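Throw the hints in and build the complete structure from the sequences for me.
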Amino acid sequence: MPFKPSKEEDKAQIKAEVDSLLENGWKFDENETQLEKTYYLKLYTKVLDLHTMIGIGSKAHNHHSTMTTDHGSLSVCWQTHDPPGISLKDTLMARFCDEQAKLIGAVQKS
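In our numbering, the protein residues as written are 49 to 158.
To be clear, the hints were calculated from the coordinates, so they are not data collected in a lab.
Source: prediction; values computed, not measured.
There is no bait here: all hints are sound.
Restricting the straight-line Cα-Cα distance to at most 16 Å, the calculated cross-link-like pairs of lysine to aspartate or glutamate (EDC-like) are:
hint, residue 1, residue 2
1, K52, E84
2, K137, E56
3, K52, D130
4, K52, E78
5, K85, E147
6, K63, E80
7, K85, D146
8, K52, E80
9, K52, D67
10, K137, D58
11, K52, D77
12, K55, D130
13, K94, D146
14, K85, D118
15, K157, D118
16, K94, D118
17, K85, E71
18, K137, E84
19, K94, E147
20, K150, D97
21, K90, D118
22, K75, D146
23, K85, D67
Label-pair restraints from in silico Cβ distances:
hint, residue 1, residue 2, range
24, L140, T86, 12 to 22 Å
25, A60, H119, 35 to 45 Å
26, S158, K52, 26 to 36 Å
27, Y92, K59, 34 to 44 Å
28, L91, K63, 31 to 41 Å
Don't be surprised by glycine CBs; every beta carbon is placed ideally from N, CA and C.
So, in structure tokens, the structure goes:
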């Protein structure tokens, strides 16, 4: 899938990272400028826990996502604005999201 890596990124490295994320349920938005994934949880409080954990990780790495909270799901989008494109920060944080979702108990969409 074609996408635009951020200018300063190693294209081979970022492609390998993105390919791995795509195999784990991440996808691109329609413009292929951001990575997106929705996590499903059985309890609203677990959704809030995941949102909070991602927020804490975002602050620690100084890279912030767009998150949409619903009663049983959390959608997360990562993109780099300057320089624009997909960066290793995006892939790092996407993996962080997956790790946190696993710890909190994300489930398959029912």
